[in-house]
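Next come the chains, spelled out residue by residue.
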Amino acid sequence: MRKTILEVKDLHYAYGNGKPALNGVSVNIHEGERIAVMGANGSGKSTFFLNLNGVFTPDRGEIVYRDTPVNKKNLNELRKNIGIVFQDADNQIIASTVLAEVGFGPMNLKLPKAEVLERVDEALEYMNILDFKDRAPHYLSGGEKKRVSIADIIAMRSEIIIFDEPMAALDPINASMLEEVLSKLGSEGKTMLISTHDVDFAYRWAERVLVFCQGKIIADGTPLEIFLNNEILRQANLKQPTLLEFYDLLVEKRILEDEEIYPKSMREFNEIL
Amino acid sequence: MHEPSGLPMILSFLRKGSETENVNNHDNGTNSIHHKIGHKHGEGFSIDFYAYNSRIRNWNSGFKVLFPILVLILCTVLDNPYVSTVIIAAMAYLTVIKGGLPVHEYLSIMSIPITFIVISVFAIAVDFSKQPVGQYNLYLGLGYMLTSQAMIKRAGFLILKVFAAVSALQMMALSTPSSEIISVLEKAHVPKIIVELMNIIYRYIFILTDLSINMKNSAESRQGYCDFKTSCYTFGNIAGNILVISLKKANAYYDAMEARCYDGDLVFLQEDKRVDRMQVALAAAFIAALFLIWGFTS
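Going down the list, the protein sequences come from chains A and B.
Each residue of the first sequence is one higher than the one before, starting from 1 at the first, in the working numbering.
Each residue of the second sequence is one higher than the one before, starting from 1 at the first, in the working numbering.
Think of the hints as simulated: they come from the structure by calculation, not from any bench.
In this text, a Cβ means the ideal position worked out from N, Cα and C, and glycines have one as well.
Hints are not guaranteed to be accurate.
Said to hold, decoys possible - Here are some chain B residues the structure puts well away from chain A; computed CB gaps all over 12 Å:
id, residue
1, Leu66
2, Ala90
3, Pro102
4, Ile117
5, Gln135
6, Asn137
7, Leu138
8, Leu140
9, Ile194
10, Cys232
11, Leu282
12, Thr297
Said to hold, decoys possible - Derived BS3-like pairs: lysine-lysine, alpha-carbon spacing no greater than 30 Å straight-line:
id, chain 1, residue 1, chain 2, residue 2
13, A, Lys216, B, Lys192
14, A, Lys72, B, Lys192
15, A, Lys72, B, Lys249
16, A, Lys110, B, Lys273
What the hints assert, rightly or not - Label-pair distances were calculated between CB atoms; the ranges are:
id, chain 1, residue 1, chain 2, residue 2, range
17, B, Lys187, A, Arg267, 52 to 60 Å
18, A, Asp121, B, Val118, 48 to 56 Å
19, A, Ala40, B, Leu107, 56 to 64 Å
20, B, Phe235, A, Pro69, 47 to 55 Å
21, B, Asp276, A, Gly189, 44 to 52 Å
22, A, His12, B, Asp276, 55 to 63 Å
23, B, Ile73, A, Pro112, 37 to 45 Å
24, A, Pro112, B, Arg55, 27 to 35 Å
25, B, Ile69, A, Pro69, 50 to 58 Å
26, B, Arg55, A, Glu115, 25 to 33 Å
27, A, Asp200, B, Phe116, 55 to 63 Å
Bound conformation, chain A alone (with noise of 0.2 Å):
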């Protein structure tokens, strides 16, 4: 069993309209988890991640990071470990060049100028961008500001890294770049959590589903889990990835038989045909 490394606990979060955001949600995070977040449009999530991440204090309820309840003290501990990718780029940066926006969290983070100046090397290394480094953003382009933005947060060095909606408004070259960091942070262990409304990308890139409506968590679990049960995906406004659709298309017309080992990727379904 991985080691759990954040706990949250019936966690409760109302806006100032009252309108509550957050209605009773207890997840576990354990170690090197790929999880994607699912829900409909204001289902609560994005509200999460700002309570995870302690820029929200929730009304009720409870954060647990590595057997530490977090209070207002250790309050920046918790921020220091767990890192946003906003969704958007703009409303991240905020530097004018980039150089001084990879540098702020670690500048934030009080560490001696020599390390920021290394951990930035590293990330902007890390995504390709090294020559990036003396630019203003305001001249990059959307794909290359969203670069910057998770470079941003590669150099706070973080265990967790949350992603609000990486793939919205990226072209598919961007996009499948994009996959190809979050696969290679995968293989370094770092944990993550994606929001995304991509089911394609959530079956064939996750690990663990999370599924919000309405403030609450319906369902957690595996991808096919999630993604075989109707009710949970009608609930959600979600709809069942084109390979599972495809599956179960060439199983009803008896071109193939049901053995259910329902495939991941292209590659996958190529072998089984």
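Given the coordinates of chain A, work out where chain B should sit on it, guided by the hints.
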């Protein structure tokens, strides 16, 4: 956009076309229907753009800020046409030859201050009178517009002086991105609150400009500017909307900053660029030369 010759990286970046939304937006800003006054509207951006791509950008920013300011002060204090001419030539050399800015772009940027200078100096160069006095006069129906050689000479010298001052500051603006100028101010102990505000405002200028361009385009596509009255309504709505969105964005920004351990103290990483002793020596020699010229000619 004119192709700057020595900037292959930027060029390839620009050529990516559709992908580079941001750059395109700024171009649209200059050329779209609401900006027909020429390049004046985009000018602020193009200066910023050239500053980021200047070949002397890697020079120490403190040096690049102090030197032009010193030159500016000398130019005003010495008040000598020869000194002014030398300054104009030296600053053009630094910006165009050293900085790699195309001459065409340099002239186009300088043409704006020149227009202002010439118009305002005209008022100094001429006088009006009821009598036909002065060396040269021109009858205008109600009275005479008159001038003299001395006045023209004085106006000419004034143009040179102002132009030299402007080109010194343009040399700074065209080689030092605003973020670096702000960091120089920070080192000069300008109050922290002002420096932080400058940093955030600078970043926000681009975000809000993009926003307004997008809103304008979408209003345009829905006939939002079909006549004067509608245009006024649209303008008001866009202005109001920008206020609301900027407040929202400020919140989102704050969340994102907090998520990265921001604790009330805005510190940015700056790469230390060493002061080149040779440059300082040359700058000192240049200033000494200015004094010499002044000594010989006045």
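Evaluation of the provided hints:
Here Leu66 of chain B stays apart from chain A, with its beta-carbon at least about 21 Å from theirs, past the 12 Å limit. Distance check for Ala90 of chain B against chain A: the nearest CB is about 26 Å away, which clears 12 Å, and the non-interface claim stands. For Pro102 of chain B, the non-interface assignment is confirmed: its Cβ lies about 18 Å from the closest Cβ of chain A, beyond the 12 Å cut-off. Separation of Ile117 of chain B from chain A is adequate, the least Cβ-Cβ distance of about 30 Å exceeding the 12 Å criterion.
Residue-level check passed: Gln135 of chain B sits 53 Å from the nearest beta carbon of chain A, beyond 12 Å. Distance check on Asn137 of chain B: its Cβ is at least 54 Å (rounded) from any Cβ of chain A, clearing the 12 Å threshold; non-interface status holds. Consistency note on Leu138 of chain B: stated as away from chain A, and its beta-carbon is indeed over 12 Å from all of that chain's, at 51 Å minimum. At roughly 50 Å from the closest C-beta of chain A, the C-beta of Leu140 of chain B stays outside 12 Å, upholding its exclusion from the interface.
The non-interface label for Ile194 of chain B is consistent with chain A: the shortest C-beta to C-beta separation is roughly 16 Å, beyond 12 Å. Every Cβ of chain A is farther than 12 Å from the Cβ of Cys232 of chain B; the closest lies at roughly 29 Å, confirming the non-interface assignment. At roughly 24 Å, the least C-beta separation between Leu282 of chain B and chain A is larger than 12 Å, which holds for a residue marked as non-interface. Listed as outside the interface, Thr297 of chain B is consistent with that label: its C-beta sits roughly 42 Å from the nearest C-beta of chain A, beyond the 12 Å cut-off.
With a C-alpha separation of about 44 Å, the suggested pairing of Lys216 of chain A with Lys192 of chain B is violated against the 30 Å cut-off. Using a Cα cut-off of 30 Å, the hinted pair Lys72 of chain A and Lys192 of chain B holds, with the two alpha carbons roughly 27 Å apart. For the suggested pair Lys72 of chain A and Lys249 of chain B, the alpha carbons sit about 25 Å apart, so the restraint of at most 30 Å is met. With a C-alpha separation of about 22 Å, the suggested pair Lys110 of chain A and Lys273 of chain B falls inside the 30 Å cut-off, and the hint holds.
Checked against the hint of 52 to 60 Å, the C-beta distance between Lys187 of chain B and Arg267 of chain A comes to roughly 57 Å, which is consistent with it. Here the CB-CB span from Asp121 of chain A to Val118 of chain B is close to 50 Å, well matched to the stated 48 to 56 Å. The beta-carbon spacing between Ala40 of chain A and Leu107 of chain B, approximately 57 Å, falls within the hinted interval of 56 to 64 Å. The supplied range of 47 to 55 Å is met by Phe235 of chain B and Pro69 of chain A, whose beta-carbon atoms lie about 53 Å from each other.
Checked against the given bound of 44 to 52 Å, the beta carbons of Asp276 of chain B and Gly189 of chain A, roughly 45 Å apart, stay inside it. His12 of chain A and Asp276 of chain B have their C-beta atoms about 60 Å apart, which keeps the hinted 55 to 63 Å range intact. Restraint check, Ile73 of chain B to Pro112 of chain A: a C-beta distance of roughly 38 Å satisfies the suggested window 37 to 45 Å. As the Cβ distance of Pro112 of chain A to Arg55 of chain B is approximately 32 Å, the hint placing it in 27 to 35 Å holds.
For the pair Ile69 of chain B and Pro69 of chain A, the beta carbons lie near 55 Å from each other, so the given range of 50 to 58 Å is met. Hint check: Arg55 of chain B to Glu115 of chain A, Cβ distance near 31 Å, so the stated range 25 to 33 Å holds. At about 59 Å, the beta-carbon gap between Asp200 of chain A and Phe116 of chain B stays in the expected band of 55 to 63 Å.
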